[in-house]
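**Q** Spelled out, the chains give:
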Amino acid sequence: MALCAPCTTVIPWLYEESTGRITNHRNSQMSHYEKAPITEALIDIRVELSTELRFEDLHAIRKHVSKDYPQEETRNLAEGTIQFAPAMQASVQQKPWGLLFRNEAKNQVLQARLDGFTFSRLEPYETFEKLRGEARRLWDIYRELMRPKRVTRVAVRYINQLNIPGMTVEPEDYLNTYPHVSDQLPPELRNFGPYLMRLPMHQGDLKGTLVINEAMTPAKSPDTVSIVLDFDLHVDDPPVTTEQELWSFFDRLRERKNAYFEACITDKTRELIR
Amino acid sequence: MLTAEPTNPSEFLGSPENNAIGGAGEQLRAKVHEGLRATLGNSIFWAETLLRNKAQITLRSLAALRSNWDSYGAPTPNTTAIENAARILEHMTLSDLALARIVPSAEGGVGFCFSKDDRYADIESSNEGGIIGVRYIGMQPPALIEIDGTEAAIEAALKEIRNHLRA
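Protein chains in written order, with this note's numbering: chain A, 1 to 274; chain B, 1 to 167.
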């Protein structure tokens, strides 16, 4: 059971008994948006590697990807955590954990780590087919060289940045999922932001979790309100035994992500990005 | 209603700190940290956004320094220096942001310092409006990085620093 704000668009949900899939009508006819607000789309595969492998072993990937991804950076284990816990900074050793390769245009990034693989497509987004195709090509290289024992987790994540014109915005005009402030308060006491909402939602049929991260971020241009709408769908111990199954499973994750995206935006947002 | 009025950049993702000392406060703090770490995940967008946000907070704090902040008469970084520093920040990649230390300059301005092993480089945005870079290894004489203030020159300077640190 979920608490929902009123939806402006009615989406009929379907349960397909034969496949056990939950889909919706709009999802099966997923709109194409000329101005898709996707700022990053990524495919993430976590693995268990042999304990004998070291960070240095990841360098073997370089010669296979450096032609297309010439810019290389080292990713440290503590890099992400320092933002949130300054007090921990001194106690956490910066340990090299992965390599990050960017293409010349800086819009495609491969992360090869000791705990897995991530391929990101940054702006401008193209298509899921291209994202999946390139991710699979790079995954084949990673898999061949690192020989993972097993896949422990898979994820599809789409981060959208909506730049809404105006200095003030009524969230319900653009979003169907947002923090709702009680109507019992007078209007002048109901203004809010900046904010970050993190909403993990169990996906029973996929045995996974979809996390909606919604945040108001610094505006990209003056006189706009910028809202990040981030869908991170992950499944631990995915039910896949072959490569074919693995990549078909990503298609299912993408379908579900699309269903949530369409359900979370209003027609006014569609007008903005069409 | 959401408002786009200028806000303190430290607030944009909410502060994970709180001053509650009870068990519930501790749990909340831990939960917020955990949630923010999970949000970051392996996303390039979030990592860059958060590191950039941290850098902007630092820049803002430098602008608030008092004159003579080092007790040797150092001037406060002025608006020109801060604005140019913000332009430099826009060109920085994830790894630049992770490596950079942002410090006030004793001559008046803002410096971005990078070091890796015995390799060092910095870019300084001065109160007079100039931007200049320098790089060196250990005790070797420093090499000047010319920057004419254009976006292309800033980009080229950061590329030179990346190559210097990587070599």
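Wrong hints could be hidden among the right ones.
[Unchecked claim] Cross-link-like lysine-lysine pairs, in silico, DSS-like; alpha carbons within 27 Å at most:
id, chain 1, residue 1, chain 2, residue 2
1, A, Lys207, B, Lys159
2, A, Lys63, B, Lys54
3, A, Lys95, B, Lys116
4, A, Lys220, B, Lys116
5, B, Lys31, B, Lys54
6, B, Lys159, A, Lys67
7, A, Lys95, A, Lys35
8, A, Lys106, A, Lys220
9, A, Lys106, A, Lys149
10, A, Lys67, A, Lys35
11, A, Lys106, B, Lys31
12, A, Lys207, B, Lys116
13, A, Lys207, A, Lys35
[Stated by the list, open to error] Here chain B is said to cover these stretches of chain A; the calculated rule only asks that three of the stretch's residues, wherever they fall, bring their Cβ under 8 Å from a Cβ of chain B:
id, stretch
14, 40-47
15, 188-195
It is worth saying that the hints were derived from the structure and are not from the lab.
Quick reminder that beta carbons are idealized off the backbone N, C-alpha and C, glycines included.
**Q** State for each hint whether it applies.
**A** Quick rundown of the hints versus the structure:
1. A/Lys207 to B/Lys159: 45 Å, violated
2. A/Lys63 to B/Lys54: 34 Å, violated
3. A/Lys95 to B/Lys116: Cα-Cα ~14 Å, so holds.
4. A/Lys220 to B/Lys116: 32 Å, violated
5. B/Lys31 to B/Lys54: 21 Å, holds
6. B/Lys159 to A/Lys67: 18 Å, holds
7. A/Lys95 to A/Lys35: 39 Å, violated
8. A/Lys106 to A/Lys220: 19 Å, holds
9. A/Lys106 to A/Lys149: 31 Å, violated
10. A/Lys67 to A/Lys35: 30 Å, violated
11. A/Lys106 to B/Lys31: 34 Å, violated
12. A/Lys207 to B/Lys116: 44 Å, violated
13. A/Lys207 to A/Lys35: With a Cα-Cα distance of about 32 Å, the restraint between A/Lys207 and A/Lys35 is violated, given a limit of 27 Å.
14. 40-47: Since three or more residues must qualify, the claim that chain B covers the stretch 40-47 of chain A holds, with 3 doing so at under 8 Å.
15. 188-195: Coverage by chain B holds for the stretch 188-195 of chain A (6 residues, Cβ < 8 Å).
Against the hints set out earlier in the document, violations occur for numbers 1, 2, 4, 7, 9, 10, 11, 12 and 13.
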